[in-house]
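Chains as they are written, first to last, in the numbering used here: chain A, 1 to 290; chain B, 1 to 243; chain C, 1 to 317.
Don't read these hints as lab results, they were simulated from the structure. Here the structure is a predicted model, which means the values were calculated and not measured. Just so you know, not all the hints are guaranteed correct.
Part of the chain B face toward chain C, derived, beta carbon under 10 Å [stated by the list, open to error]: (1) Asn24; (2) Trp112; (3) Ala160.
Virtual Cβ for every residue (Gly too), placed ideally from N, Cα, C.
Below, each chain spelled out in residue letters.
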Amino acid sequence: MDASLFLNAIAAGILLGGFYAAVALGLSIVFGQLDIVNIAHPAFIVAGSYLVFALNGGFGLDPVIAGILLMPIFFAVGVLVYRVYYAAFERTGRESLAGLAFFFGLMFVIEVLFIIFYGVDYRLVEADYIGKQIEIGLVGIPWRMLVPFCAALVMTGAIYLFLSRTFLGRAILAVSQDRLALQLMGADPVKIKQIAFGIGIATAALAGALLIMIGPVEPTIGRLYIGRIFAIIVLGGMGSIPGTLVAALIIGLSESIVTTYIGPSWAPTVAFGFLLITLAVRPQGLFGRL
Amino acid sequence: MDANGRLLDVQGLTKRFGGFVALNNVSMHLDPRERLGLIGPNGSGKTTMINCISGALFNEEGSVVFRGEEITGLPAFKRAELGISRSFQIPRPFRTMSILENMLVPMEYAAWGRVDHATHEDRAMEILALVGFQDRARENSGNLTQVDLRKLELARALAAQPDVLVSDESMAGLSSSEVDEVLEILFKLNERGVAVIMIEHIMRAVMRYCERIYVLDAGQLIAEGTPEEIQGNPDVERAYLGE
Amino acid sequence: MKVSGFWIGIVLMLAAGFVLAGVADNQFLFFAGYVILQGLIMAVAWNVLGGFTGYVNFGSAGFFAIGAYTAIALHQFAELPLLVLIVIAGIVCGLIGLGTGYLTLRLRGVYFAIATLAMAIVFESLITNWDYVGGSAGAYVITPAEVPFFDSFIEMMFILMLVLSLICVAVSRYLSMSRMGRGLASIRDDETAAECMGVPTLRLKLISTTVMGVMMGVAGAPFPFFVTYINPLSAFDLLIAVNAIAMPMIGGTAVWFGPVIGALLLGTIQQIVTVTISSELNILIVGAVLIAFVALAPRGIVGLFQDFARKRREGGK
Ligand SMILES: Nc1ncnc2c1ncn2[C@@H]1O[C@H](COP(=O)(O)OP(=O)(O)O)[C@@H](O)[C@H]1O
Ligand SMILES: [Mg+2]
Numbered sequence: 001m002d003a004s005l006f007l008n009a010i011a012a013g014i015l016l017g018g019f020y021a022a023v024a025l026g027l028s029i030v031f032g033q034l035d036i037v038n039i040a041h042p043a044f045i046v047a048g049s050y051l052v053f054a055l056n057g058g059f060g061l062d063p064v065i066a067g068i069l070l071m072p073i074f075f076a077v078g079v080l081v082y083r084v085y086y087a088a089f090e091r092t093g094r095e096s097l098a099g100l101a102f103f104f105g106l107m108f109v110i111e112v113l114f115i116i117f118y119g120v121d122y123r124l125v126e127a128d129y130i131g132k133q134i135e136i137g138l139v140g141i142p143w144r145m146l147v148p149f150c151a152a153l154v155m156t157g158a159i160y161l162f163l164s165r166t167f168l169g170r171a172i173l174a175v176s177q178d179r180l181a182l183q184l185m186g187a188d189p190v191k192i193k194q195i196a197f198g199i200g201i202a203t204a205a206l207a208g209a210l211l212i213m214i215g216p217v218e219p220t221i222g223r224l225y226i227g228r229i230f231a232i233i234v235l236g237g238m239g240s241i242p243g244t245l246v247a248a249l250i251i252g253l254s255e256s257i258v259t260t261y262i263g264p265s266w267a268p269t270v271a272f273g274f275l276l277i278t279l280a281v282r283p284q285g286l287f288g289r290l
Numbered sequence: 001m002d003a004n005g006r007l008l009d010v011q012g013l014t015k016r017f018g019g020f021v022a023l024n025n026v027s028m029h030l031d032p033r034e035r036l037g038l039i040g041p042n043g044s045g046k047t048t049m050i051n052c053i054s055g056a057l058f059n060e061e062g063s064v065v066f067r068g069e070e071i072t073g074l075p076a077f078k079r080a081e082l083g084i085s086r087s088f089q090i091p092r093p094f095r096t097m098s099i100l101e102n103m104l105v106p107m108e109y110a111a112w113g114r115v116d117h118a119t120h121e122d123r124a125m126e127i128l129a130l131v132g133f134q135d136r137a138r139e140n141s142g143n144l145t146q147v148d149l150r151k152l153e154l155a156r157a158l159a160a161q162p163d164v165l166v167s168d169e170s171m172a173g174l175s176s177s178e179v180d181e182v183l184e185i186l187f188k189l190n191e192r193g194v195a196v197i198m199i200e201h202i203m204r205a206v207m208r209y210c211e212r213i214y215v216l217d218a219g220q221l222i223a224e225g226t227p228e229e230i231q232g233n234p235d236v237e238r239a240y241l242g243e
Numbered sequence: 001m002k003v004s005g006f007w008i009g010i011v012l013m014l015a016a017g018f019v020l021a022g023v024a025d026n027q028f029l030f031f032a033g034y035v036i037l038q039g040l041i042m043a044v045a046w047n048v049l050g051g052f053t054g055y056v057n058f059g060s061a062g063f064f065a066i067g068a069y070t071a072i073a074l075h076q077f078a079e080l081p082l083l084v085l086i087v088i089a090g091i092v093c094g095l096i097g098l099g100t101g102y103l104t105l106r107l108r109g110v111y112f113a114i115a116t117l118a119m120a121i122v123f124e125s126l127i128t129n130w131d132y133v134g135g136s137a138g139a140y141v142i143t144p145a146e147v148p149f150f151d152s153f154i155e156m157m158f159i160l161m162l163v164l165s166l167i168c169v170a171v172s173r174y175l176s177m178s179r180m181g182r183g184l185a186s187i188r189d190d191e192t193a194a195e196c197m198g199v200p201t202l203r204l205k206l207i208s209t210t211v212m213g214v215m216m217g218v219a220g221a222p223f224p225f226f227v228t229y230i231n232p233l234s235a236f237d238l239l240i241a242v243n244a245i246a247m248p249m250i251g252g253t254a255v256w257f258g259p260v261i262g263a264l265l266l267g268t269i270q271q272i273v274t275v276t277i278s279s280e281l282n283i284l285i286v287g288a289v290l291i292a293f294v295a296l297a298p299r300g301i302v303g304l305f306q307d308f309a310r311k312r313r314e315g316g317k
């Protein structure tokens, strides 16, 4: 076996996995903690990519900076979407079937808006470091993968600390697990969920920036990530942040190895395999509470 | 009936939720045509017992035998076909259906092999009349009040034409006269040969209706006996009042 | 009475189709009609599982595409008649529906929805990698210039689709009005309660996914012959997938004629919009209308009419 090929596959897989963690993080909160099946999450990520593309092309902003700048706006959009969702579905107890269709429709609307404004062509961002790479022995590490990897780790760590160390974070964890604790904390569950949903969508802004750094983006590319994201969340144990990170790394690594040794067109099936096996064998995931 | 003449025989049943033991090695039986009570404080495992008997949950250990036939691993719908019917403590109506349609589900499934299909609607209407719904059969079940939903729960369980009826707190929230009406229904049902397991917090109803009572506390069986015996049992009093 | 009314309607629809075929020269009419009827079959198919049984399925496009590609593969293998291709594609998709149902239906509804969504992507990967049917480059089908009994090939395809959709509507109506329909509805309303009332929920759900699969496959099988060129992108098209969900949701999912109304209405609007404006705007409209309906009129057009009729009745008293 070619050692260089193998080592590069491993390195690429780890970098990819870190990026996947950023992509799955928001939905891990929204689906894992709030039980809201926002299948439009990848579409929000793609929206992030396009807005970063606009900021990068228009003002020459670094994509990561642009992504961070967009986060408050995405937070506000998330709050708004949750308000609609709450008023139309959660309050009336119809969230399961109708809520799914709602997010499905939302996904299409977002995608098509970008098709109408930007067409179906692939878009790229520019930064000095994109295109360069560091060589470590046999392994080449491109900056366009390393920067997203680092940004993703920082964001994941920040969210983890936020959820476990702050009052608001604990309230978010309590919203699904422990109604009584939430009442004792004197928190309004709807407000808490609204903030949590906003945070989930805010992560999509940065994830979108990372997505368009890693490779070119077109309006419907988000759909390739739906299976992956849910596979990561289910494998990671529904809302566990460390679980999400570990699961993302596992899936990134597996995909990288499949891409290297079998072919890139098979990569999308990896996540599905993990999803099915997890659901069948260990539905609570790796880090799940039962 | 099995060798010792029992209709339903639960032996050494244990049910866990994760690490939590909800029922610990509980044995109980029901004789043909018997009126049995199952009481205990909240969270003592009564509903869990019913879930294991009806097949809504599966027990880890122990066996459930119905008319001499082992039904432990049998799915819930098969048990319903065999003649075990239950009501739910927290009502679970078929919300998009009318009251009458709610009744037709058990008639067309659980009772399908046992009842003449042509008479379904008449029978459903008879049962609805028992709980006072005769003029409301076409009403949508989604908009009923909690009390009405409890009545529908009971009526729907009866519509399955059971040999064993398990009623899980069907009388909670009913007025005193309504409790008497439901007791009347259950007495009549019992006269027709149906065995009844009644879970109830209204002691007056339990003591009047039941011939024999089991008491659960924290997943353990702590007493068994006639209403008089149970009323005088110090363990039962302690379980209910706390130490 | 009602039964005969339905069958008279079916015969009338069929007759109208043949009259149209005899009279109309405008080939566009048949193209448009075909697309609308294709949407109708998919809407009816989706509704058997999504509406009657309450299991949302995002993998409709996957089943449709498998139907299309089964037909292509068989067509490459031997020049079988179209009807045979349709039957085989229906069987293949039915079996796949049964298989995926068996794997995923023990899960909560949400996981089922996600699994079907991910599954469509896997099917796309499989077909993209399958060179026999053209892989990512796609495959061409040569259609006959002349067909017996009909003025043109497209006219025949239109009539074929009409017959298929009438069959699917009849099956769906039978399902919803029979004892099984009540069983499916009880699963949708409360699966645990249904099971305790004697409803064999797993069996009914498997029947439901199988029927869904067969109908999706039947809708997909003639598709390559209709478009004459097919690739994974066109078979797994966005609009096809979203339509299958939007049409029943807009029409009303609880009754058999809900998806029919939704499909005819939305399908016709889409044909007009696509021709006069653009197909992107078309998707935008579908998405927006879908959101509006699920949020504001959850029982669809049928529900709106029922509410309206009840208000008038109560107002008249
Ligand atoms: N599905 C479940 N998962 C976890 N714990 C459960 C579940 N159902 C019941 N329990 C627990 O089992 C215990 C017994 O509950 P239950 O049988 O409902 O009591 P009862 O009907 O006597 O009030 C309770 O502590 C309850 O919290
Ligand atoms: Mg209880």
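Hint-by-hint comparison with the structure:
Taking 10 Å as the C-beta cut-off, the interface hint given for Asn24/B is violated, the closest approach to chain C being about 24 Å. For Trp112/B, the interface hint holds, the least distance from its beta-carbon to any beta-carbon of chain C being 7 Å, beneath 10 Å. For Ala160/B, the suggested interface contact is upheld, since its CB lies about 6 Å from the closest CB of chain C, less than 10 Å.
When each numbered hint is compared with the structure, a violation occurs for hint 1 only.
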